[in-house]
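The listed protein sequences derive, respectively, from chains X and W. Numbered per the working numbering, the first sequence spans residues 10 to 338. Numbered per the working numbering, the second sequence spans residues 10 to 338.
Note that these hints are calculated values from the structure, not bench results. It cannot be assumed that every hint is accurate.
Intra- or inter-copy, both count: the list cannot distinguish identical chains.
[What the hints assert, rightly or not] Below 25 Å or equal to it, Euclidean Cα-Cα: the simulated SDA-like pairs (lysine to any residue) are:
#1 K171 x G21
#2 K126 x A92
#3 K216 x G303
#4 K126 x D110
Protein chains: 2
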Amino acid sequence: MTAAPMIELWRGGMLESEHHGHAVIYGPGGVEMAWGDPNAVIFPRSSVKMIQALPLIESGASEAAGLTERQLALACASHSGEARHREAVADWLAMLGLSDDDLRCGAHMPRDPAEKKRLICSDSTPCQMHNNCSGKHAGFLTLNRHLGGGSEYVDVMHPVQKAVKSAFEEVTGETSPGFGIDGCSAPNFATSVTGLARAMQFFAAAKPGGGLRENAAARLAQAMGRYPEMVAGDGRACTDLMRAMGGRVAVKTGAEAVFVAILPEQQRGIALKIVDGATRASEAAITALLLRLGALEHSHPVVERLLTGSQRNWRGLITGELRLAPGFG
Amino acid sequence: MTAAPMIELWRGGMLESEHHGHAVIYGPGGVEMAWGDPNAVIFPRSSVKMIQALPLIESGASEAAGLTERQLALACASHSGEARHREAVADWLAMLGLSDDDLRCGAHMPRDPAEKKRLICSDSTPCQMHNNCSGKHAGFLTLNRHLGGGSEYVDVMHPVQKAVKSAFEEVTGETSPGFGIDGCSAPNFATSVTGLARAMQFFAAAKPGGGLRENAAARLAQAMGRYPEMVAGDGRACTDLMRAMGGRVAVKTGAEAVFVAILPEQQRGIALKIVDGATRASEAAITALLLRLGALEHSHPVVERLLTGSQRNWRGLITGELRLAPGFG
Numbered sequence: 010m011t012a013a014p015m016i017e018l019w020r021g022g023m024l025e026s027e028h029h030g031h032a033v034i035y036g037p038g039g040v041e042m043a044w045g046d047p048n049a050v051i052f053p054r055s056s057v058k059m060i061q062a063l064p065l066i067e068s069g070a071s072e073a074a075g076l077t078e079r080q081l082a083l084a085c086a087s088h089s090g091e092a093r094h095r096e097a098v099a100d101w102l103a104m105l106g107l108s109d110d111d112l113r114c115g116a117h118m119p120r121d122p123a124e125k126k127r128l129i130c131s132d133s134t135p136c137q138m139h140n141n142c143s144g145k146h147a148g149f150l151t152l153n154r155h156l157g158g159g160s161e162y163v164d165v166m167h168p169v170q171k172a173v174k175s176a177f178e179e180v181t182g183e184t185s186p187g188f189g190i191d192g193c194s195a196p197n198f199a200t201s202v203t204g205l206a207r208a209m210q211f212f213a214a215a216k217p218g219g220g221l222r223e224n225a226a227a228r229l230a231q232a233m234g235r236y237p238e239m240v241a242g243d244g245r246a247c248t249d250l251m252r253a254m255g256g257r258v259a260v261k262t263g264a265e266a267v268f269v270a271i272l273p274e275q276q277r278g279i280a281l282k283i284v285d286g287a288t289r290a291s292e293a294a295i296t297a298l299l300l301r302l303g304a305l306e307h308s309h310p311v312v313e314r315l316l317t318g319s320q321r322n323w324r325g326l327i328t329g330e331l332r333l334a335p336g337f338g
Numbered sequence: 010m011t012a013a014p015m016i017e018l019w020r021g022g023m024l025e026s027e028h029h030g031h032a033v034i035y036g037p038g039g040v041e042m043a044w045g046d047p048n049a050v051i052f053p054r055s056s057v058k059m060i061q062a063l064p065l066i067e068s069g070a071s072e073a074a075g076l077t078e079r080q081l082a083l084a085c086a087s088h089s090g091e092a093r094h095r096e097a098v099a100d101w102l103a104m105l106g107l108s109d110d111d112l113r114c115g116a117h118m119p120r121d122p123a124e125k126k127r128l129i130c131s132d133s134t135p136c137q138m139h140n141n142c143s144g145k146h147a148g149f150l151t152l153n154r155h156l157g158g159g160s161e162y163v164d165v166m167h168p169v170q171k172a173v174k175s176a177f178e179e180v181t182g183e184t185s186p187g188f189g190i191d192g193c194s195a196p197n198f199a200t201s202v203t204g205l206a207r208a209m210q211f212f213a214a215a216k217p218g219g220g221l222r223e224n225a226a227a228r229l230a231q232a233m234g235r236y237p238e239m240v241a242g243d244g245r246a247c248t249d250l251m252r253a254m255g256g257r258v259a260v261k262t263g264a265e266a267v268f269v270a271i272l273p274e275q276q277r278g279i280a281l282k283i284v285d286g287a288t289r290a291s292e293a294a295i296t297a298l299l300l301r302l303g304a305l306e307h308s309h310p311v312v313e314r315l316l317t318g319s320q321r322n323w324r325g326l327i328t329g330e331l332r333l334a335p336g337f338g
């Protein structure tokens, strides 16, 4: 089945660009709503960092290292490389007796304007701690110390990644058809949009007291909602959407336009993928579905910014707007 | 008719994202090849700057102001705001007895890393001359001085924009169904992909001695090919593609993934639009069509960078590649 029209960009009263995708809302009874092809196989990319963090808690590594809830949120983050993110990762690595050199995520210029300015104007190069995935990797290193694995923890055959794959296939309810190498060099396992939504529903229904995995899932979703600034950063969609929902819903973006949501009060999970990989569309689409489920208020400023607001040019003139495609949202 | 699959992004041996679009190759006899819907109406955005510059020459304004070929190339540019671009616009405005305040394009941070660093590290704000469209606007101001119009030259009813619309509809061979406000505040007239390709074929077939419009079109296409660094900037697709083809072909990108090409030796024009607005796909698609027509060598490094090369992550590891969708290119 083909992707469904989801988000449109209009200019001068005419359709200029359009984004198609796949989306699934998964509830206690299974798939409740689907657009596009619910069986489409996708790479979830960074949208599954909370799944990749499950073994960190289940193994006892988190407790042994005395990780805080704030650190658990950072383990699920695609952060902006703000000073608070870099410093939190630096403290975490120091606590493990490790350094930036032990990371395998690679270095890239942070998204945060202040930190970027500091680096550029001092002719400094970013370190691996600036990588948006460095919190996830600090989690991998914490699990690795507990498992006693080798230094190349991003190898798909490494105990850390084997534990991640096992947890991933169990919560998605599917055998992954394969994996790709992610931007941060870790394996990223493929699944269907339905599998991803099923996994988010598991997180949404998980109870703190309910068994090893349920407890881990509940703690991670709660950590994301309580420390939204650690999951992305100021002005980012994930952070602002979680703040707008008072931390009662956990959301996470992934590269190439994946977005997921965990709604504990409704015991629902959402997963969507815009097939062209456009983040502007995945952010608008998840906003529309959160509005549909009543988890987000239409009146909140973040809704105007990500979906309903006017598009403006360099002089502030209105040039157009985003619209939901007929049949979506 | 719907858009055709054109460019795919593969990761780990699986399709991760895909881009659909419309494309037309127009020759002396009319449409030679088409993908997607050749009648799809699009906003050409900055891909039509050479059309918007036709009245500048046809009116005699260019000659009266003594514009150089380098300035004509700049009038067709979406430049990176490099020092040479800003200085060329500053000199141009000074020659007209005008200043940055007379521009109506708005200001934005330049794309050029060196100029951006200079501004950021000196806590300076960009001026309108940094706007990627400032060369086009300098052309508008030059035409405006010749026509004696008012200061608001981006108003759709202003003599400058009326002249642009007239030229636009004549070279596209279509009555424009409407216009939108572009990022630089100028009206951007809509046309079909075929109309845009027809216009590019007119430029390709135009002879320097062949009448007022033909002469203007030939000079503009020649100026773009001779000063590719003024049309975009170092490392940009337009500049590198024109350099790779020895200036014998003029190409131009437009926002929301439009790309056009003028091939004088073949008297052919190309126009394409990726419906989701992704530049990575429009750059790959125009590269594929230039290869198809034999205008570009497969062995040139720019082909590897824009189309055939591996996608790598922050550690330089290969993560995947772009592929042409079946039936395209």
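Hint check, failures only: none
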